[in-house]
Each structure stands twice: as structure tokens, then as C-alpha cells.
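Put together the whole structure using the sequences plus the hints.
Spelled out, the chains give:
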Amino acid sequence: MAAGPEIHINMMRKLLSRLGTAAALAFSLSAHAESGWAQLNMTPGVTAMSRQIYGLHMLMFWLCVGIAVVVFGVMAYSIFAFRKSRGAVADTSLVHSTTVEIIWTILPIAILVATAVPAATTLIKTEDLRNSQLTIRVTGFQWGWNYEYLNNGVNFFSRLDRESDAARQLGSGIDVTTVPHYLLNVDKPLVVPTGVKVRLLVTANDVIHSWWVPAFGVKKDAIPGFVNETWFNIDADKPGLYRGNCAELCGRDHGFMPIVVDARSKEDFETWLKAKQLEQHPPAPADASAPSSAPAAAAK
Amino acid sequence: MAYNDHAATDHDHDAHDHKPHGWRRWVYATNHKDIGTMYLVFAGISFFIGGSMAMLIRLELFKPGMQFLDPQFFNSMTTMHALEMIFGAVMPAWTGLANWMIPMQVGAPDMALPRLNNFSFWILPFAFTLLLATLFVPGGGPAGGWTMYPPLMLQGGAGFPMTIFAIHMMGISSILGAINVVVTIMNLRAPGMTLLRMPLFVWTWLITAYLLIAVMPVLAGAVTMLLTDHFFGTTFFTAAGGGDPVMFQHIFWFFGHPEVYILILPAFGIVSEIIPTFSRKPLFGYEAMVYATASIAFLSFIVWAHHMFTVGMPLAGQLFFMLSTMLIAIPTGVKVFNWTATMYRGSLSFEPPMLFALSFLFLFTIGGLSGLMLAIVPADYQYQDTYFVVAHFHYVLVPGAIFAIMGGVYYWLPKWTGNMYDQTLAKWHFWLSTIFVNVLFFPQHFLGLAGMPRRIPDYAVQFTDWNQVSSIGGFAFGLSQFLFPYIIWKCVRGGQRIGNRAWEGAHGLEWELPSPPPFHSWTDPPSDALIQRGAAH
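Protein chains in written order, with this note's numbering: chain C, 27 to 326; chain F, 403 to 939.
Watch out, some of these pointers could steer you wrong.
[What the hints assert, rightly or not] DSBU-like, lysine-lysine: derived pairs with alpha carbons at most 30 Å apart:
| id | chain 1 | residue 1 | chain 2 | residue 2 |
| --- | --- | --- | --- | --- |
| 1 | F | Lys-829 | C | Lys-110 |
| 2 | C | Lys-302 | C | Lys-223 |
| 3 | C | Lys-292 | C | Lys-214 |
| 4 | C | Lys-214 | C | Lys-302 |
| 5 | C | Lys-110 | F | Lys-892 |
| 6 | F | Lys-829 | F | Lys-892 |
[Said to hold, decoys possible] Simulated restraints, written as ranges between beta carbons of each label pair:
| id | chain 1 | residue 1 | chain 2 | residue 2 | range |
| --- | --- | --- | --- | --- | --- |
| 7 | C | Pro-206 | F | Phe-700 | 46 to 56 Å |
| 8 | C | Pro-308 | F | Thr-630 | 41 to 51 Å |
| 9 | F | Gly-559 | C | Pro-308 | 22 to 32 Å |
| 10 | C | Ile-128 | F | Leu-518 | 35 to 45 Å |
Since the hints were made in silico from the structure, they are not lab data.
Each residue gets a CB set at the ideal place from its N, CA and C atoms; glycine is no exception.
Following this line, the structure appears as C-alpha cells:
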């Protein structure tokens, strides 16, 4: 008889300890991502365009908040003030008012026109592709990116970094919170200069992808067989690492093709580019062009 | 008397309740109420199947790192969840409500085309069996999103042609259902039931039916082109053969945008029935409501490309679709203002249908406002394909369409069964749903703005907190939904008997019939006096 309750208590203890572990895990996760709760809004980003887009976003946001306060206010007042339980008697004659209906049709039109103007102005600027100083072709593939610096002879692939890739496997046993920039890190970032208008030619070679770096306010679909254009110009004083993701569902590993942009000062970028060119196109060794070795090369 | 014109009521008045029994009653069903019931039960089952897929999604997203699902299976869950909920839950629920209510509301004995009605329902179980069966074939279920964009969709395995065929069947079912609604409304209205005396639910459904007839063939064409691209060597969507993958998106969204109004217009109709009833005051601006619905339907055909602002459209195209999209805010605003004005100086009580309608009013408006933000193209570059969009469309579809369906069921259930349901439990259902739907979807706005893309099975650790909140909200919301079938079941089994008019302030022809109504609703057309009393707007 005594065994019964004991087993029961043991099971309860096990269950409780498991629940405790789960709770502790949940808390530790929260602690790791300290900034998580604070992540409530878009960030202004590091280009003039991303700041304009942020401004538009905030304009629309506050406009919506304003509309919501007024509309929800009237709703809440009606719900509160005209309760039957409070003895409210319906005014069944109040079924139509041309004046009011005209007002609440015209007023939204006015508000919309007022917001359409800055939106259209910004949109026109985003489509202004003139005067770029550097052109990079971005090619999405399943699942990573290829970057080709046109006319500079530099071309490389960029994929999810190995550490994230190992941790993200089902049942990897790796605590992903210990992986630096989990899922937002690549083996070779795209290196660009700050203070320079960089034009991207975006395309893909299998399915549709989308190249998105929130800090630049740039998202452009990469479509196989077609080339899209977009651009950004990072503030000269804001070098750094900027991270983004593929934004268009592109198959199994869509969630695992991040983008990292390494923005460097113009001089640092030039140095990097030179080194990269040397690495990818090493100058022919002196003896290779020597006549004596020519027959050997030909024999190969 | 005009009654003689009413051919459908001339015959066989003695055989009102003659109907087959047992399984034949359902398989051979031609009665609008039986078919309506089958549609609603089917929608309920799909709601739970699609909901369980959502639970799996939220379970995997509870923590960063892959815990339970393979990424490919995760993708097929997001795809199937959408197909189940849109084509399996919301659309059949609307058709079920249309079947039950339209004949009663326009003074007709039944739907105009009863056998077609039977056929349009019975296609559905086969279509969805086929769709769900894709989960068990090599290559798994469709995993390219419910939008089925090529070339990704063309990479599907054996499930790909099954999905296409299932969608064809759903489309046929919807078109036949819509034809039935149009023919019923146009031909079986009782004498004296003029168009502008019709209840708003009938109006919104009439317009919805036209949308369905217009766009379901477009979807059928789009998926057929996918099929021929995959199997018959065409290159509609392949650049290498002179095609264009973006063309699919244009065609799909030419269907897809009217489709989202197909999902929401009948909700506008139901809310326009419920709010006047529980405000004890006729609907404010009835005609404006009708015109606003028609305007929204018209605009829905010229805004499709706002779903694809990042595909690289010409500037003029982006400007056009931005402005046309912003225009939708005007008729939608008129509707929200009219509902509010209906409550203003009314005499309000808060029975379950009203609670759901009020929740709709607030939360649909939130979804509408985020929709306005999404219309702004440069800002949309940042929102596109993020959780902000996920939050937006779930706000208009869950507390929008689905709460309106629930409100409609709680509104008319006493009429259907003759019994009042357990209102206390229904209020529990309401409060749990309303609280947790916000816990579930509101944080997704934050996630999207902070940079979390949609349709990803795993995420960077800074998104953990709000994903956990969202998942907890999701589980609680999902669990709360079990109250709904329980309350309905209990009500069908018995309850406090009610008279013709279940609610004090209810107007309309359905409330002039007994509860439950006779098998053939209006075998004798209602008198003009009844129609006038019902159409007191």
C-alpha cells in the first residue's frame, strides 16, 4: 500500500524538477537576449534613405495612433455611455446624416493626400539610381549569396558561418545562445565603402530570393533571369557590420541564408579590394612566362 | 397576388418535412440547412486541423534553435496552415452561413440550385483529403507558401500535382457555391424584398459571390500554368524559355487580393447584423454601407501589386498601386464609422454575439491601420515579408473574419436549434479568445519591425522574448477554441427554449420564422408587412 503514494510523489518530484529546468531555461534565454524586450520598433538605420523611411514609418505610426485614439475613443464612449443596463434608450431616428457622412469621407481623403505626398517623394528618391560609384552584382542561390564586384574582378560566395550552421541542426545539442550572432553571421561578408553610392544588381540563379539589410532600408527581390537594381549610401562616419536576411521564402534553408555587410572607410575598402584582387588573380610567377618552361606547359 | 409568380412555392405544400433519414440525409442532401450544417462542420474540422499546424509552428518558434521539426516540414506546415484556414475553414464557413441564412433572410424556401449545392459541398472533403495526403507522399506537402511562387513551387515532389488538383477542386466548389448564392438572391427573393431592403449579410455575400466568380478561374489558370511548366515543358514562369516568374505573382495576386475581401466582406455583413441588434437601433447609413462594400470590391481588383512592391516594378507602377491601396481606407473607414454611429445613442447590451462583434470592431481596425502603413511603399520595403505582415493579416483574419464567424454562429445558433446556448461559457470563450489573440499576434508587430523575416523555422536570439510571448498566446488561444464546439454541441443537445426572436432587438425575416425553422424555410412568401418590419433601416 505504501509503495503507491511513494511512486506518485517521486513522479511528481520528477515532473516538478523538469518543469523547473524548463522555467530556468526560459529565464536564462531571456537573460541572454537582454535587448530582446527592447526590440519594439524599426531602427533608423545608417543611410539617409533608411532614415527617411524610418521617418515615414513613424509618421504613419503616429497618424494611426491618432486615428485609433479618436475612433476607439468614440467606440469606447458609446459602449460605456449607452449601456442598456444603465437605462439608455435607443434613439432609433438616428440612422442617417448626409453631413456627417460627407465629413467622414472627405477627412480621410485629406489625411491620405497629406501622407501620399511625402511617401511618393521618398519613393521617387529610392528609384534614383544615377551616379553610383561602385556596382556589385548580388546573386542569390539555394542557400547563400554570391557577390561580384563588377569591373574589379572580385567574386566570392557568402554563406551561413560554420558555427551557426552546426548549432542549427536538429538535435545539435549546442546552446544557440552561446553562438555569436546566431544565424546572422556569414563566412565572408560583403565589403563595401562608406560614403559612396553603391549600386546593387540583384538576381538569382534558382528560385526567388530577396536581399534585405534593414539598416540600409534596402530590400530587393532576386529573380532568376531578371536583374533588379537598388542602391545604398552608408554614412561616411558609420563603418561597421550590418546584418540582414533573405526575405523571400526560397526553400528548405530559407531561414539560414543571412547577409552581412562589412562597411569600411573608403581607404580601408580600397586596401581590402586590392588585397582581394591579388588573392583572386595572383600575378603570374616570373618563371611561368620564361621561354624555357613553355614546352612543359604546352605538354600539359 | 404576386404569390402566384413564386413558382418554387407552388408545389407540394404537404411534404415540407419529407426528407431522407440516416446517412442518405447528408450524402443526398439538397436542403439548404443540412448543407449549411455540413459546410459549418467541415469548416470547424478544418479550423482545428489548420490550428494544430499553427500550434506546431509556434512550438518550433518557442525557442531559437531547431527543436522539433525539419525545416522543410516547417515550410509545409506554414503552407498547409494557410491553405487549410483560407480554403478549408473561412471560405466554407461563409458558404455554410450563406446556405443557412440567405434563404431565410430573403424569404425563400431553399437555395435556388439544391443539387448544385450538394455537389459544391461534397467536392470539399475530397479536395482536402487530397491536400492532406500530400504530407505522406515522397517530397512531402507543398512547402512553397500558400502563394505558390515559382520557381520554388516547381521544386515540389509528388505532392505538387496533388496540391494543384486539390486547389482546382476547391476553386470549382467555390464557384458553384457562389453561382448558387447569386441565383438565389437574384431570383428567390420574396415579392417586396427589394435589393435595398436586403439585410447587409445578403448584400455582402452577393458582392462576395461576384468576386469569387471573377477570380477563382484566375487562380485556376495560374496553377494550371504551374502544372504545365512542371510536366509539359511550357515556360510561362521560366526566364530561360521567355517566361517570367513575376508574371505568376501578378496573376496570383489578381486573384489573391479580391480573395482577401472574399474572406472579410461577409464578416462586414455579419457585424452589420449584430451591432444594430444589440444596440437596439437600425444600422446607421445602410445605403452607404452597401456602396462602401461595392467600392471595396471594385478597388480590390486594382491593388494587387501592393503584395509585391519589392519585385522591382517601374516607379509609375509602384505609385499607382500605393495610391489605389490607400483609397481602400476610405470605404473601410466609412464602415467603421457607421458601425460606431450605430452604437452611438443606442441601448447596448453585451451578449456573446455583440462581444465578438465589438472585438471585431477594435481589432479589425488595428489590422486596417497596419494595412495603411503597409501601403506606403518605401516603408513597405522594410515591412515586406516580415512578421509585421504576419501580424497585419492575422489581425484582419482572426479577430476579423473568424471572430465574425463565431459572432454569427452565436447570433444565429438559437435560431438554428431552438435552444439558447450556455452564454456564460460563450463569454468565457470570448474573453479567452480576445485576450490571447492579442498576446499571440500583437508581439509579432514588434518582431517584424525589429527585423524578423516571416516563414523562417529558426531565428536570431534577440527575437526570443517576443516569440515566446507569441507562442504562449498561441497555445492559450488554441486551447480556448475547444470551448466553441463544446458550447455548440451542448446547445444542439438541448437548452432553454427560445421563441421566434432570440434577441430582443433582432430584426429581419429569419427572426419571423419559428426556432428551429421549418425544413423548407419560407414555403409561403412572407407578407409585405413582415418584410417592412425586418428591413427597418
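These are the hints, each one checked on the structure:
1. F/Lys-829 x C/Lys-110: holds, 18 Å
2. C/Lys-302 x C/Lys-223: holds, 21 Å
3. C/Lys-292 x C/Lys-214: holds, 19 Å
4. C/Lys-214 x C/Lys-302: holds, 12 Å
5. C/Lys-110 x F/Lys-892: Holds, because 29 Å separates the two Cα atoms, which is no more than 30 Å.
6. F/Lys-829 x F/Lys-892: holds, 15 Å
7. C/Pro-206 x F/Phe-700: 46 to 56 Å: About 53 Å separates the Cβ atoms of C/Pro-206 and F/Phe-700, which means 46 to 56 Å holds.
8. C/Pro-308 x F/Thr-630: 41 to 51 Å: holds, 50 Å
9. F/Gly-559 x C/Pro-308: 22 to 32 Å: This hint is violated: roughly 45 Å between Cβ atoms.
10. C/Ile-128 x F/Leu-518: 35 to 45 Å: holds, 43 Å
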